[in-house]
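S.K.: Once you've looked at the hints, go ahead and assemble the two chains, each given alone in its own frame, into the complex.
Here is what each chain is made of, one letter per residue.
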Amino acid sequence: MTGYPWPIESTRLDNGLRVVVSEDRTAPVVCVNLWYDVGSRHEPTGQTGFAHLFEHLMFEGSQHVAKTEHMRLVQGNGGSLNATTNPDRTNYFETMPAEHLELALWLEADRMGGLVPALTQETLDNQREVVKNERRQRYENVPYGDAWLRLLALLYPEGHPYHHATIGSMEDLNAASLDTFKAFHQQYYAPNNAVLTVAGDASPAEVFALAEKYFGVLEPVSSIPPAPHSHLPGPATSPVRETVTAAVPAPRIYLSHRTHPFGTAGYDAITVLAAVLGNGRGSRLYQRLADGARIAQPDYIGSYGVDLAHAPAPLIITATAKDGVPVETLEEGLSEVIGSLVTEPVTEEELSRAKALLTTGWWRQVSTVGGRADALSRYTTQFGDPGAAAYRLPQWLAVTADDVTDAAKYALKPESRVTLTYLPENGEN
Amino acid sequence: MTLIATRPEPGEARPYTFPDLQRVQAGGGLVIGAHLPGQVLASAMLLADAGAARETAGREGTATVLAKSLEEGTKKRDSAAYAIALESLGAELSPGVDWDTFRVGVSAPVPQLLDAVRLAAEAVRTPRLDPADVTRVRDDEVTALRMDWAQPGPRADAALRADLFGADVRFGRPMHGDPTSMAAVTVDDVVTHQSWLHRPSVLLVAGDLSTLDLKALGEAAFGGVEGNPLTAEPPLDVPVRGERKILLVDRPGSVQSTLRIGHRSPERATPDFVAMTLAATVLGGAFTSRLNHLIREVKGYTYGIRGAYAMSRRFGRFEVAAGVQTAVTVPAIVDTLGEIARTQEFGITEDELAVARSWRAGQLSVEMQTPGSIVGALSTLVVHGLPDDYYPALRSQYLETPLAEVSAAAGRHLHPHGLTLVVEGDAAVIRDELVAAKIGDVVDAEI
Numbered sequence: 001m002t003g004y005p006w007p008i009e010s011t012r013l014d015n016g017l018r019v020v021v022s023e024d025r026t027a028p029v030v031c032v033n034l035w036y037d038v039g040s041r042h043e044p045t046g047q048t049g050f051a052h053l054f055e056h057l058m059f060e061g062s063q064h065v066a067k068t069e070h071m072r073l074v075q076g077n078g079g080s081l082n083a084t085t086n087p088d089r090t091n092y093f094e095t096m097p098a099e100h101l102e103l104a105l106w107l108e109a110d111r112m113g114g115l116v117p118a119l120t121q122e123t124l125d126n127q128r129e130v131v132k133n134e135r136r137q138r139y140e141n142v143p144y145g146d147a148w149l150r151l152l153a154l155l156y157p158e159g160h161p162y163h164h165a166t167i168g169s170m171e172d173l174n175a176a177s178l179d180t181f182k183a184f185h186q187q188y189y190a191p192n193n194a195v196l197t198v199a200g201d202a203s204p205a206e207v208f209a210l211a212e213k214y215f216g217v218l219e220p221v222s223s224i225p226p227a228p229h230s231h232l233p234g235p236a237t238s239p240v241r242e243t244v245t246a247a248v249p250a251p252r253i254y255l256s257h258r259t260h261p262f263g264t265a266g267y268d269a270i271t272v273l274a275a276v277l278g279n280g281r282g283s284r285l286y287q288r289l290a291d292g293a294r295i296a297q298p299d300y301i302g303s304y305g306v307d308l309a310h311a312p313a314p315l316i317i318t319a320t321a322k323d324g325v326p327v328e329t330l331e332e333g334l335s336e337v338i339g340s341l342v343t344e345p346v347t348e349e350e351l352s353r354a355k356a357l358l359t360t361g362w363w364r365q366v367s368t369v370g371g372r373a374d375a376l377s378r379y380t381t382q383f384g385d386p387g388a389a390a391y392r393l394p395q396w397l398a399v400t401a402d403d404v405t406d407a408a409k410y411a412l413k414p415e416s417r418v419t420l421t422y423l424p425e426n427g428e429n
Numbered sequence: 001m002t003l004i005a006t007r008p009e010p011g012e013a014r015p016y017t018f019p020d021l022q023r024v025q026a027g028g029g030l031v032i033g034a035h036l037p038g039q040v041l042a043s044a045m046l047l048a049d050a051g052a053a054r055e056t057a058g059r060e061g062t063a064t065v066l067a068k069s070l071e072e073g074t075k076k077r078d079s080a081a082y083a084i085a086l087e088s089l090g091a092e093l094s095p096g097v098d099w100d101t102f103r104v105g106v107s108a109p110v111p112q113l114l115d116a117v118r119l120a121a122e123a124v125r126t127p128r129l130d131p132a133d134v135t136r137v138r139d140d141e142v143t144a145l146r147m148d149w150a151q152p153g154p155r156a157d158a159a160l161r162a163d164l165f166g167a168d169v170r171f172g173r174p175m176h177g178d179p180t181s182m183a184a185v186t187v188d189d190v191v192t193h194q195s196w197l198h199r200p201s202v203l204l205v206a207g208d209l210s211t212l213d214l215k216a217l218g219e220a221a222f223g224g225v226e227g228n229p230l231t232a233e234p235p236l237d238v239p240v241r242g243e244r245k246i247l248l249v250d251r252p253g254s255v256q257s258t259l260r261i262g263h264r265s266p267e268r269a270t271p272d273f274v275a276m277t278l279a280a281t282v283l284g285g286a287f288t289s290r291l292n293h294l295i296r297e298v299k300g301y302t303y304g305i306r307g308a309y310a311m312s313r314r315f316g317r318f319e320v321a322a323g324v325q326t327a328v329t330v331p332a333i334v335d336t337l338g339e340i341a342r343t344q345e346f347g348i349t350e351d352e353l354a355v356a357r358s359w360r361a362g363q364l365s366v367e368m369q370t371p372g373s374i375v376g377a378l379s380t381l382v383v384h385g386l387p388d389d390y391y392p393a394l395r396s397q398y399l400e401t402p403l404a405e406v407s408a409a410a411g412r413h414l415h416p417h418g419l420t421l422v423v424e425g426d427a428a429v430i431r432d433e434l435v436a437a438k439i440g441d442v443v444d445a446e447i
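Protein chains in written order, with this note's numbering: chain A, 1 to 429; chain B, 1 to 447.
Excised from the complex, chain B in its bound form (with noise of 0.2 Å):
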């Protein structure tokens, strides 16, 4: 037996194409459909300006609980009727909440979209929003953050985004709010939230266009839209502190402390975008990446560990998250900062490079074959500005932005010593060793 030991070169490549667009103009607002031959199911979503940037402060969480209610009946049929007549359509509601965005997604077989549509409109449009109904909502939501923040993870998320962007401003504090902002949401914050849902908004499609009728799914999208867009809230201001700063979450007895350790970064709309996206697939994105090499692959430190810059339209955050043995939590956090500290003095290789291009590139072929993950794509080119080539100019940046940009790009946007580290452990086990390591200060976290 003899294996072929020459790895084979490629074959020639197709162009990449994203799908074609149609834009539409009915009932008031905009349709933007993605054309995909063939395809049996067909996605829709509505998108309004109605994101948890825009809730109240100390009713975070406002959104999510408009998002739940929206289910609990329409003015035309209860809950149950809602509930049938929907799901017999082979269909079902995925509203959601970011922090640019209230979105309500849809997806069924082509011949259902339409009346899906419909339904999903009705309960947008016209929710019934009955006062008990809206306040058991938001007791079940109170409930079910209960049961999120008993995983590992939620509450390291809080104490970063509390420490980054401070605990008494919106951005400060959890997108869909803690058990007590929660808890404080009233009808009225939830009614003014959908009141917002009323403004002109934008219906994205992705399926097959030969059969589906885009002026139709606008008018049963839109009908009654009214006022004008809210206005847009410029990006906040990048502050970086001097010094390191480690925040211990207690969880007793957990056999992984988590990790999530961070600084901040520029809004999405930066012309580095790029640059810093292929630096961060380098040291935390891919398998490859430098971190999960040295922290899973050579030392067996954790399953998994990742870092990425997440971006929206007004602010960005840097972010290394991993769940790694308790025993070797402090080991581990200094391998880490070790990673980011050398991306960031000096940059990073052609080599790692050309994997991080062709996978980011290769990405946008290979996780873009659903009507589901085209809806997505549409919606960053809606809620960012981005032109309807946007896809295919992304991929040729990718694959072009020259080395020098790229480390550049980690120079200037990786602060290893301004870096916010939350540990979310077994303090009785793992504190004396934080504070021996000198990282940084070691303060509880009150969350």
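So that you can see chain A by itself, here it is in the shape it has in the complex (with noise of 0.2 Å):
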């Protein structure tokens, strides 16, 4: 069994850039997707939201390529794009018709080594003003939109890598120089700081002749600093409670836990644990407060957790109170059924169903060439090596009951448990 069936060829080159290829010609499209070793858990305090800042700074033009000309050459010739920061890492991708590879290639090249020479203030201030509007939008003028925001702080104590959020704060953003972005770029843009995965219609001997022509002449940078330190022993050890009042619809609860870092056997259980709880209508909190004691809204009930590589990752569990039932009792309801993990011993029913939600999931992540490519980025940058991506969806599927019951055991504990509560302003309720 395996989870990844295309080929896998990589290569190093001299600078230290890895270069992964999977080459698959079912369709004439490829994907083109760099893994930036740094993330928001690398940034200072006094400059939060730096890294993402710094991903818009990627798309205005470098040495070569004019400003504004990046997303007109990519889109101007089929390809989608996007780029995302997160705590552990920054992703580049296009997806191009296969005839435009060497030009993604170009592209990507370009920004990796000349992209300080085109940095101006003037777009500097023109990204600091989209990046406050996406603030705006995505976290602020929103119900519910700054739980994330909110829970990573309780999550994870001050001065811990994952403690501030990568959208960073406005304070921050306002203050950010241009000269700390031109040293940002040179501390961690380097070649060895990166992963180079190209999937599709495309053969590795190509990719390699390619990368080597466009990439293989930038130069390593010799003294890259250690992320900050982010080991934590586990669980917190006394739990944590915050309250908020806000202009919300309805009373909504996020109960959160630090687990195992992604990648690691605990947090495989921790996986298919959150899919036996909260993963479609056949779950525990769907199956025991959504439709039996009927105290959950349907459609804003499940957990998740979210794959953080570099310190134990979090597990989410969330419910919104239906109309008129009280909070307490919605909190109440959800420890239960988080306490069922331990005294109820999952049933090879319910792991099952939850492994076959799962092995869909990863085929559906993996049925384009820019999922593939991802996975391949993600699994080089991480574990160093791209063939792992093969293994998680075996491993997944060899997670038994005891395991569950003893990730549940583990990590779950009430005295762990970060409680985030959300009222509505005008006392509903």
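Please keep in mind that the hints were generated in silico from the structure rather than gathered at the bench.
Each computed DSS-like pair below joins lysine-lysine, with the alpha-carbon atoms no more than 30 Å apart:
id, chain 1, residue 1, chain 2, residue 2
1, B, K215, B, K75
2, B, K299, B, K245
3, A, K355, B, K75
4, A, K67, B, K299
5, B, K76, A, K355
6, B, K215, B, K76
7, A, K413, A, K355
8, A, K355, A, K409
9, A, K182, B, K299
10, B, K438, B, K299
11, A, K213, A, K182
12, A, K182, A, K67
M.R.: Put into structure tokens, the structure is as follows:
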């Protein structure tokens, strides 16, 4: 059993750039994906949001690519593109009609090696405003929009690299100077701090030659600073609680625990646990609180892990109260269902349902060349081996009912729980 | 270190192909299959002519309640047993409603697809529809709409729709209803809507057809189909007002103003479809579009702004959507109107069109890799009566429609002076400035 039935070949250029190729001639499309091993966990105090704002600057031109040209060249040749930043890393990707592979590599090399000469104060000022609007749109202007920002601060202690959110604070964004960003690029956007993956309609030989041609000229950076210390012993040892009264339409609870880092056997058990507990209408949470006791709104109940690799990753469990249900009743119900993972062992039926859903989810993720390239970049960056992508699905399928019980006993104790509750302003409920 | 300065030329393009299609009559319905060799997952979708457009006035939301009720148990098993049977196949049901259709999608690993379709059909053909369950689902949907309407956007959408089409007709009301109409939906409404699912319909399948049996899938999907297709109704007229109007939707404390700016436009079957799509791509479709370039990349007023024509069987609508920082609401609107007017009056350039052409054409490959996306593409063929070779032909049209035709379509189908501008934001902060800008009469929307 493998979760990655396509071929994988990889090499490392002399400057340290790791290049991974997964050929698949099914469709005439190719994805170019780069992971840079830098995320918001690398940000020092006073510079929150910088890794993400920097990601925006990467689309604003480089040495041989004029401002606005990057987007125009990718979309104007039929491609889809984007980039994301999270606590662990920053990724950039474009899926193109295959005849434009070389263009995509040229664009990526130019901004890896030649961003600084093109960086201007005007561009920084503009993208700072765009990012502030992104913060307004995604976190401030929507009900419950700041839950993730609050949970991180409750889950990880002050000073821990995951304590602050990737979007950053308005104050830090306002204080961002051009020189800081130039230094940021020179520090982290190095070939020896990146993985380049190409998946789809291209051969390894062709990609390796093109990678050498466009990226081979870049100098490695010898002094990439180590990431800030992120070790944590595991789950918290005392509970934390925060209640927010805000413009929300109904009471909602987020319960969260630090569990295991992504990529470990412990986290695989947590992934299966999350599916048993809160994925789908057959899950325990849905069956017992939405369908059974009918105290939770059916559309807003579930549980999921956030796949962070550099410290114990969060499991988040959430439910929203039905009209007239006191929030205390909902919290009691959630606690009971979570507790049941220890007191009522998971049945074979529950386990196979969860694994079936995870299996479909896995294949959906790798059904596009973009999904595949991102997985290979991830496993190369985080575990040093693109082939490790093939193990995740079999490792989920090997999780036993006892593993789930053990994971619950270890990670979901009430004394390690973060409880974040939203209450409507007007005192409804 | 010397980066390579010269932009590389493209390699040789492989010819575009859309997956091979097979059509099979089985079980009283039509099965259309698209062959995707080697795919681990397969997708299927039952498509019925029972969309939101067929709902009774004042009961908007009926089809949505039906969609949610399908999973509340069948004549054979209760809701818990149904959920476990389906999810144990790795499948989940995604029932959905749009203006033209009622659709039930399901995807699963290839060997499980037949059983998944059998279960989907069980829910569609023989739902339990216990009155107590339907009533509870209806009440949950009222709450879900209230949750949704607490976000910025849905109230502005509703205000725009009501103004463009008239609040007293179905098309002037939100596709999924509003909290009031949803609350008025009765069990009988839902049962009647379900009866339309028994009429002849279509099953779309995308996956590796070398191991999928389309005939068996059709028989599983269509057992018990009867009656005739419902009568198709003609497209609506396209009236456009002679003056602009601003509708203000109050959202106290909002840190952004949500803009929904639009007017009516022709239905999907218009011969101008390709030219309109290309023109709208230049104006507001791609990242480098005129609107996004000016409002985001030059001015920094927004995280993103887009403009497009949405076209269904009976009507269409041009709409620009954005969230802009509250303090720059008026300048953002003025700039937006400027770009719409400039595009309408002077058309677009050859360079801009080149980007739009290649992007639209390339997206037909790039965004159609998965069984789910191919099933979506097949549904467009069925709903709009398009031929099997539609996508290759569309690709050619994107690449070849002359500039003059695209600019002419912009001239004909943009109406900068007949726009309705809905602004959902902190009225206390933005009202005076909006009135003073003299863009159009400012009216408080009743939402």
